[in-house]
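Next come the chains, spelled out residue by residue.
2 protein chains.
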Amino acid sequence: MKAPQRMQLSRYLPVLDWGRTYNRTALSNDMIAAVIVTIMLIPQSLAYALLAGLPPEAGIYASIAPIILYAIFGTSRALAVGPVAVVSLLTASAIGQVAEQGTAGYAVAALTLAFLSGGFLVLMGIFRLGFLANFLSHPVIAGFITASGILIATSQLKHILGISAHGHTLPEMVRSIFEHLADVSLTTVIIGVAATAFLFWVRTNLKPTLKRLGASALLADILTKAGPVAAVVATTLVTWGFGLDARGVNIVGDVPQSLPPLTLPGFAPDLMRALLVPAILISVIGFVESVSVAQTLAAKRRQRIDPDQELIGLGAANIGAAFTGGYPVTGGFSRSVVNFDAGAETPAAGAFTAMGLAIAAVALTPLVYYLPNATLAATIIVAVLSLVDLSILKKTWAYSRADFIAVTATILLTLSLGVEVGVASGVAISVLLHLHKTSRPHVAEVGLVPGTQHFRNIHRHKVETDPTLVSLRVDESLYFVNARFLEDLIQKRVTDGQTIRNVVLIFSAVNEVDYSALESLEAINHRLKDMDVGLHLSEVKGPVMDRLQRSHFPDSLNGKVYLSHYAAWKALAADAAE
Amino acid sequence: MKAPQRMQLSRYLPVLDWGRTYNRTALSNDMIAAVIVTIMLIPQSLAYALLAGLPPEAGIYASIAPIILYAIFGTSRALAVGPVAVVSLLTASAIGQVAEQGTAGYAVAALTLAFLSGGFLVLMGIFRLGFLANFLSHPVIAGFITASGILIATSQLKHILGISAHGHTLPEMVRSIFEHLADVSLTTVIIGVAATAFLFWVRTNLKPTLKRLGASALLADILTKAGPVAAVVATTLVTWGFGLDARGVNIVGDVPQSLPPLTLPGFAPDLMRALLVPAILISVIGFVESVSVAQTLAAKRRQRIDPDQELIGLGAANIGAAFTGGYPVTGGFSRSVVNFDAGAETPAAGAFTAMGLAIAAVALTPLVYYLPNATLAATIIVAVLSLVDLSILKKTWAYSRADFIAVTATILLTLSLGVEVGVASGVAISVLLHLHKTSRPHVAEVGLVPGTQHFRNIHRHKVETDPTLVSLRVDESLYFVNARFLEDLIQKRVTDGQTIRNVVLIFSAVNEVDYSALESLEAINHRLKDMDVGLHLSEVKGPVMDRLQRSHFPDSLNGKVYLSHYAAWKALAADAAE
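Residue numbers (the numbering used here), protein chains in the order written: chain A, 102 to 679; chain B, 102 to 679.
Misleading hints may appear alongside valid ones.
Treat identical chains as interchangeable: a pair holds within one or across any two.
Unchecked claim - Here are the computed lysine to aspartate or glutamate pairs in the EDC-like style, where the Cα-Cα straight-line distance is at most 16 Å:
{"no.": "1", "residue 1": "401", "residue 2": "633"}
{"no.": "2", "residue 1": "593", "residue 2": "407"}
{"no.": "3", "residue 1": "671", "residue 2": "565"}
{"no.": "4", "residue 1": "312", "residue 2": "647"}
{"no.": "5", "residue 1": "563", "residue 2": "576"}
{"no.": "6", "residue 1": "642", "residue 2": "576"}
{"no.": "7", "residue 1": "401", "residue 2": "623"}
{"no.": "8", "residue 1": "401", "residue 2": "589"}
{"no.": "9", "residue 1": "671", "residue 2": "567"}
{"no.": "10", "residue 1": "401", "residue 2": "631"}
{"no.": "11", "residue 1": "661", "residue 2": "623"}
{"no.": "12", "residue 1": "401", "residue 2": "371"}
{"no.": "13", "residue 1": "563", "residue 2": "273"}
{"no.": "14", "residue 1": "630", "residue 2": "656"}
{"no.": "15", "residue 1": "401", "residue 2": "442"}
{"no.": "16", "residue 1": "661", "residue 2": "118"}
{"no.": "17", "residue 1": "593", "residue 2": "409"}
{"no.": "18", "residue 1": "308", "residue 2": "631"}
Bear in mind the hints are in silico, worked out from the structure with no lab data behind them.
Please model the entire structure based on the sequences and the hints provided.
So this is what it looks like as structure tokens:
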């Protein structure tokens, strides 16, 4: 194969790129990373399946084929793809609206959701629409993740309490928990609270303790990450040993011993229609989360990822999940960081992780029969509470009121009306606030700095002005949202100053003039002509002038276009020095 | 009353302003204008009521109280308020969804719609939200008005054909007309076609003919505007003389001889909820239409209007319509231009027009008993076809593809899915296209122009560069939509050029850095630090620097902020002259 052809192909199949130079060092580094990640993923996968309302094996299946497909199509060397907390919550919320939890329809809907989500990601990748994810502003994402963390933790309280409760918003969940408080299983509470307390202790105190005892940093790290495994083993043994399942403790129970099965998503038009919008939402949110992680990790090794190719990698992973008994997946933060820290060099580490999980799916599933759901709930609660970061409220308040409004609205609406309304409103509010900000652009009236050819704001500097001439510097691109503002501003300036004979607009900061702004400029020109006042432009950028020349505006202009504003001043100011 | 107090009050009651200096010249000018406008408005009011699906007198009532209220609260000296074509169409579309045409509920819904619309306008005025109307871009408005003209003309075909048909979209209307083609009344068609042909001839040929015959310009103008009155008189006489109403010609029939009645809008919660969104749409579209007219006319006399006070004037007019048997109104283009051309000097002209219409409502309504609906339909068709302007397609195609897409989508969606979906989609498309355009801001890599302190694009000019230093001039404000773009761009530039030690961002054209962009800058800083590359800023504007200083960014910056880019160059370029 010739080199240019290979470059072309390897853009769409990054595996061709790193695969060619794969060697023994990379192999051993990748295998070590895979072992560590596999140990961490087993309880995590079971727990997130529980969060999504699916049988536990779905979480493991969703970690196998997707990882391998991402390794082939993805561009990040360290990203680990699989079920994550927020996407699991979105999945539960979406398919809870079309099917009853625990039914076959529910699992099929999860496959359809993964398929739609994957298809949408691939389409976005092919049309190179990665930029659309940017419509989610950082405050909206931060608010959404924080609110989701609160919702997820609350949704797991029922497992800690051993009751059945439901709801997709905070008020619904809290009310439902209170309604079922009479059913609380004390044994379950003891296991759940003990597991939660232990995991919190592991997360906050274990690593420093181990280091103080002389353990190496890597060992301390591995032991800390293995905390959930320890909790799983301990509570499973206790439950089995004392027969607690007969005393009201809900357990995981039978998990089929099997490689990921071949499954077919449901293609009924009604189902597809009902899941389309949630699938788009899951795609976009999953993509944003994944790209942030991948970019951060790539930068640490001065590597790059290609966001549009990432869409294809994540899309392939989701389509893979749809046909192998999984549910929507994305690049996870904690698993990717662990993978990276453990030394993974190439996506092959992901493939080895998939093998480890496949072995677990075949060999280890009987061992989790007595695992209490409360333990899995505890691992979720401890994991997601690190997502809850209310400091974003303080930071945006200090920095910008508009961003504060966006983040507050997103948090409150997500908690009170659910994840879908919350994030959609957050996006709408961000866009409206941005349009509002640009709707009143800064326009400075300038005068000549004596003895120079420079012009400065007349309200801030001591400058020369001329009563017959108004020089306005427009500090924003002109487009429909602010076009009329300029009309009003000039109308006011000229009717207030009856001596004015000429108006010059300085376009040095105008990067665009859209059709609405063109019509506003024409209206301004027309009205000034009616008042017998000239309209001139100065310092128009090349691309803007090219575009204006496609219209009749330059011909009908009741004045001239000057290259520099100093030239305009010399020609128009009554008392300008010759 | 002291002068400052009066100024304060007259801002909200402009009548206090012009009322103090009212004199005999103004009085006689205003009265002449009022007579001309009244003659024009009688057939127009009846016709627009027909278009809105309301009894004919509603059109006259809607022209009386609203004109007077606008004269008190409005700021334009020449605007004439009353029923207009597009708002009548929107009214028919909105109340057609909650009540059957011809029922009492239909008329009450029209009052409620006027009340809600008026209330919304007043609220927008009090909160000074006039800028919201700017979200309707010129191409969207142009496309919407054109499509509405086509819809209105099509909706009137049934009256010309003498059949009953219905529908709110073009396909619905056309299908309904074809279904009823068997019922066509030939006599009605003859009257309708003759009236339409006559009115077209008046509009295009009468004025030049009269001028050629030696008539003064004013007389020619008045006679031309009286064309519809002539058509009304002639077809009424023919219908009465030959008893055509017995031969299938639908006539206006009984119109109560009465001053505008006192009416009460319906306040049922269900009705209010159903009409709220249409009322907002009518308010915004009516406001945009009215303000454009008022601004154009005010500029001709070097006067100003206050858009926020206009909201209050139009709101008062609509609330007036709600309590006097009318329906939603706004400032009309043709009636305002006639008023202005006829010499109206103050809003008193409007008050005199209202008196003229009140006299007509009491004394002249029996005379229109035999007026064929076909004649009214003819006046509407001829009036609205002047709204249809497909040249906007050609103009936007030449000027900007994005604007062309917005106008085309608005026209097609309005025709095929109705006025509400059409205009809402138009707004959404405009906003998305704008966000897309700013999502990839222009970023120029610059170098030093030899022998100067100026920097220019390295791809366009022969400039000095340094292999360890990248200078990037960012030509757009940084906000969430383009924040990530800058991250990608810098990441790519730095990973491609492994000799780079420093990156300087030139912020001379950056007018805003929102919280998302701040986080992106922090991420860029962090990643560059990981690569051991310095990040610097230069030429940051005062307000942007003030805002950045509220965050930790300037402290954590892995580099410096330079006042001028030349200072940055001198400090950082390896081979910079000392």
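Against the structure, the hints come out as follows:
For the identical chains of this complex, residue 401 and residue 633 are inter-copy neighbours only, at 10 Å across copies versus 63 Å inside a copy, given an alpha-carbon limit of 16 Å. In the homo-oligomer, the alpha carbons of residue 593 and residue 407 lie at most 16 Å apart only across protomers (10 Å), although the nearest pairing inside one protomer, at 50 Å, exceeds that limit. In this homomeric assembly, residue 671 and residue 565 come within 16 Å of each other (Cα to Cα) only inside a single copy, at 12 Å, whereas the closest approach across copies is 33 Å. In the homo-oligomer, the alpha carbons of residue 312 and residue 647 never lie at most 16 Å apart, since the shortest distance is 66 Å inside one protomer and 43 Å across protomers.
In the homo-oligomer, the alpha carbons of residue 563 and residue 576 never lie at most 16 Å apart, since the shortest distance is 21 Å inside one protomer and 28 Å across protomers. For the homomeric pair residue 642 and residue 576, the shortest alpha-carbon distances inside one copy (13 Å) and between copies (11 Å) are both at most 16 Å. In this assembly of identical chains, residue 401 and residue 623 lie within 16 Å of each other by CA distance solely across copies; the values are 14 Å between and 52 Å within a copy. In this homomeric assembly, residue 401 and residue 589 come within 16 Å of each other (Cα to Cα) only across copies, at 14 Å, whereas the closest approach inside a single copy is 51 Å.
For a Cα distance limit of 16 Å, the shortest separation of residue 671 from residue 567 inside one copy, 11 Å, qualifies, whereas the shortest one across copies, 38 Å, does not. In the homo-oligomer, the alpha carbons of residue 401 and residue 631 lie at most 16 Å apart only across protomers (6 Å), although the nearest pairing inside one protomer, at 63 Å, exceeds that limit. Proximity of residue 661 and residue 623 under a CA criterion of 16 Å is satisfied intra-copy only: 14 Å inside one chain copy versus 44 Å between copies. For a Cα distance limit of 16 Å, the shortest separation of residue 401 from residue 371 qualifies neither inside one copy, at 46 Å, nor across copies, at 59 Å.
Taking identical chains as interchangeable, the C-alpha atoms of residue 563 and residue 273 are never at most 16 Å apart, the minima being 63 Å within one chain and 66 Å between chains. Only within a single protomer do residue 630 and residue 656 lie at most 16 Å apart by alpha-carbon distance; the minimum there is 14 Å, versus 52 Å between protomers. For the identical chains of this complex, residue 401 and residue 442 are intra-copy neighbours only, at 11 Å inside a copy versus 72 Å across copies, given an alpha-carbon limit of 16 Å. Neither within a single protomer nor between protomers do residue 661 and residue 118 lie at most 16 Å apart by alpha-carbon distance, with minima of 57 Å and 38 Å respectively.
In the homo-oligomer, the alpha carbons of residue 593 and residue 409 lie at most 16 Å apart only across protomers (14 Å), although the nearest pairing inside one protomer, at 48 Å, exceeds that limit. Taking the shortest alpha-carbon separations for residue 308 and residue 631, neither the intra-copy value of 78 Å nor the inter-copy value of 25 Å comes in at or below 16 Å.
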